[in-house]
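Residue numbers (my numbering), protein chains in the order written: chain A, 21 to 556; chain B, 3 to 380.
Incorrect hints may have been included.
To be verified - Examples of chain A residues lying across from chain B (beta carbon under 10 Å, computed):
no., residue
1, D89
2, I151
3, G262
4, F304
5, H307
6, T362
7, M363
8, Q404
9, Q501
10, P536
11, P537
12, H540
13, W542
Claimed, not checked - Cut-off 30 Å, straight-line C-alpha distance, at most; resulting in silico cross-link-like pairs (DSSO-like, lysine-lysine):
no., chain 1, residue 1, chain 2, residue 2
14, B, K83, A, K365
15, B, K273, B, K182
16, A, K217, A, K365
17, B, K249, B, K283
18, A, K516, A, K447
19, B, K273, A, K447
20, A, K521, B, K83
21, A, K217, B, K83
22, A, K521, A, K365
Everything labelled a hint here was simulated from the structure, so no lab data went into it. Keep in mind that this is a model prediction, so the values were computed, not measured. Ideal Cβ positions, reconstructed from N, Cα and C, are used throughout, including at glycine.
What follows is the residue order along each chain.
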Amino acid sequence: MSEAALHHDHHPKLFSNPFKWAARWICTTNHKDIGTLYLWLSCIMFFVGGGMAMIIRAELFQPGARFVDPELFNQMTTLHGLIMVFGVVMPAMTGLANWQVPLMIGAPDMALPRLNNWSFWILPAAFAILISTLFMDGPAPDYGWTFYAPLSTTYGPPSTDFMIFAIHLMGLSSIMGAINIIATIINLRCPGMTFMKMPMFVWTWFITAFLLLAVMPVLAGCVTMMLTDRHFGTSFFNPAGGGDPVLFQHIFWFFGHPEVYILILPAFGVVSEIIPTFSRKPLFGYHFMVYATVAIAAVSFIVWAHHMFTTGMPIAGELFFMYLTMLVAVPTGVKVFNWVTTMFKGSLTFETPMLFALGFLVMFTIGGFSGVMLSLAPADFQYQDTYFVVAHFHYVLVPGSIFAIMAAVYYWLPKWTGHMYNEMLGKLHFWLSAIFLNVTFFPMHFLGLAGMPRRIPDYALQFADFNQIASLGAFGFGLSQLIFLFVVIRAIFAGKPAGDKPWDGAEGLEWDLPSPPPYHTWTSPPSIESIPERGF
Amino acid sequence: MRFIKNFLLALVTACCLLNSINAFADYQLNMTPGVTPVSHDVYALHMAAFWICVGIGVVVFGVMFYSIIMHRRSRHPVPAKFHQHMGLEIAWAVIPLLILIIIAIPATMVLMRMEDTRNSDIVIKVTGYQWKWKYEYLNQGISFYSNLSTPMDQRMNLEPKGPNYLLEVDNPVVIPVNEKIRFLVTANDVIHSWWVPALGIKQDGIPGFIHEAWADVDKIGTYRGQCAELCGAGHAFMPIVVEVVSKKDFAQWVQKMTKGRIDAASMAPHKDWTKSELLQKGRQVYQQNCQVCHQDEGQGLNKLYPSLKNSKVVLGPAESETQIVLFGSHGTAMQAFSNQLTDDEIAAVITYTRNSFGNNSHDIVQPLAVAKLRRYER
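So here's chain A without its partners, still in its complex pose:
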């Protein structure tokens, strides 16, 4: 078959042949197709979850009942959290891994392509179920994304069961995705690609996949216990039957804390690719970056109860979790210092991916600082469950994970599409996002310290000013993301040809391929000499 015929076969057009077009995307086992599907799902969910954030901020624009009733407000905070964590950051990171890991380690595809197809196609079903709760009789899940018992068990609305099932599906998808990534990285590295030559993005995903494999079953166990408490007469979390509501929190956060690192470690990987490229200097301390990632992942399993300092833990428990949580700052600090030193005496340019990576570096570090403050148990008694916490985790998630995802999209979009995106619009998108997100989230530190609890639809008058500013920032941030959508769609269809290697400082196997890469890549492995040396 000629190259052209092969190409045609794989890409039926939507309008001329809609059934074949749908069948291609539904049945595909190609890592690039599946990566694209993950990224588009994430993009759609980003606007759905973002729309919910707009509703939340509209209600909080002024004190008093304004826009939605408290019940709907609680449903919005719950679904916003669940969708952003499970529907935006996780699928986007998995999409990036699907596209990039095989290209970067010289593998022809993922190790388990059919499993890959299935782990993606479970997700739209899971989110359809989750979002359908909004249209059911009775409230949608309304107890926060952490769904603490007994508010979600004894007092949970009927739609809770749908949320439980949706979470089971998401967990299944993540576990299969993680297995696939581990199998790919262990088995399909091309000759010469030793572990200590792997790009940082591959390393961080390798470690993330183990975290997923370890904790997603814990979450599944947690929601299953909820289900049996709700319907089958057990009392895991019901004190009236001898259970303990705090047990729920222990199980949830044993999943939840590693989950936080699942959301951020691949972001570390992305930034570790981009900063060296635009500094035109190799990553500083590659080996220590790998060790630091392993250390963060290991410690993530033994710090979970810092989310629970106010539940009345014994003092020995509080001290244990406080000390270990503080320790997380050490490997995280090592990473930040290495990134800064990578830039030092480089030859820096500031294209859009670099701007997003620098935005990440500055604002993730600010989120890290509030994280250190939160780790101090006595002070946490004042911070816990306030807007200070909201500010903290939005600083590590929005300019952290989300900025890294956007940096990655701008960085690899020329490779994926073969077209350069519009640099001017990209920069505009960065600056508007960076400014508006600080207008949104920075005042939240003040609100929390001044005494505003999180998850309230109405508030005392002294919180009015900063809430108004935060709401304006949020609307601006939301609107700015439409630029991103426009830039991406335009780059898919038009733009200057990118060439194989659009960034002169970039290193790595993916840049040895044409842009866009052919449907099947690395069917014969790259030469050993083309693998960049790292470190020592």
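Fit chain B to the known structure of chain A by using the hints.
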């Protein structure tokens, strides 16, 4: 770039404008130093941690922005080649570790002080309900509920909001100054969290479990707080008000409260009320206890909180409605009010629901009928 500058300018102007509009509301940027030994310590720890972070931030961001300015390609076209240094790596792992140890020492001390609830003078049990607090003074035999007292009209923006909007209650907790108060915190239904920033206390109330906290307030005054753990639709509407008074005033208050209790008991529900008296009182009781869920027009709030308009329960036999109000409805969000409301109040609110929201049963329920049912069930 010019666009960005103009934009920034516009943003700053907009913020200034907003500030001038809201100039009457005064706001706070930082944590309160509070009025107890623990809250002072926590504040000091918070500030120490903050300044350490600022210091590290200045160093890290300083180097970073130095590189961004001095090592851009236009100024520094040829990049250096170095990419590792063992000494540096060890240094920037060990130095932060030392800083952390330095801050961990005072943190440990504050935590140990916080947990030391021995030798208290007064013990108050705090119970969270959806959505109110109950306070029991275990040694004095005083017990009462504390509800939000902000009128619904303020919440619905029909009236101007008062200065303590959403931070005011009908019955505040009263404690004496300079005495060690031990709080025992628990909850009746879901998890709540009793938080008064000025006291430096945030303690989750967990159903089935009791946890402790303490305060020794050094300044007379009124201190306000809120529930800090999401507990359902009324989470924002269960504030805490602590009145700290002199020891003499506290003794008087205790006397008044214990006397009042006896009066209420001796009054007993033997008087017959007129319909208009019942309706008037019933409206008050409804607003304080029922409105959060069943809403101001009795229309309810989705499936969980049913409508009272044309409701089978409200238009059915008065006895069954009374039983539901007294003992709750199992498996739903309807709680038992037998320990929260007097017979008078229950009679009034039932009369009110049966003759409001378009319900025209013309029924009158007298306190005696409620008392009968209450005894019957026991």
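Quick rundown of the hints versus the structure:
1. D89: Holds, because the Cβ-Cβ distance from A/D89 to chain B comes to roughly 7 Å (cut-off 10 Å).
2. I151: Nearest chain B Cβ about 17 Å off; hint violated.
3. G262: 9 Å, holds
4. F304: 5 Å, holds
5. H307: Nearest chain B Cβ about 7 Å off; hint holds.
6. T362: 8 Å, holds
7. M363: 4 Å, holds
8. Q404: 6 Å, holds
9. Q501: 16 Å, violated
10. P536: Since chain B brings no Cβ nearer than about 28 Å to A/P536, farther than 10 Å, the hint is violated.
11. P537: With Cβ-Cβ at 28 Å, over 10 Å, it is violated.
12. H540: 34 Å, violated
13. W542: 27 Å, violated
14. B/K83 / A/K365: The given pair, whose Cα atoms are some 9 Å apart, holds under the 30 Å limit.
15. B/K273 / B/K182: 43 Å, violated
16. A/K217 / A/K365: At roughly 24 Å apart (the allowed maximum being 30 Å), A/K365 and A/K217 satisfy the hint.
17. B/K249 / B/K283: 35 Å, violated
18. A/K516 / A/K447: 17 Å, holds
19. B/K273 / A/K447: Status violated; Cα separation ~77 Å.
20. A/K521 / B/K83: Judged against 30 Å, a Cα distance of about 21 Å means the pair holds.
21. A/K217 / B/K83: 18 Å, holds
22. A/K521 / A/K365: Answer holds: A/K521 to A/K365 is near 23 Å, not above 30 Å.
Violated hints, listed in ascending order, are 2, 9, 10, 11, 12, 13, 15, 17, 19; each of the other numbered hints is respected by the structure.
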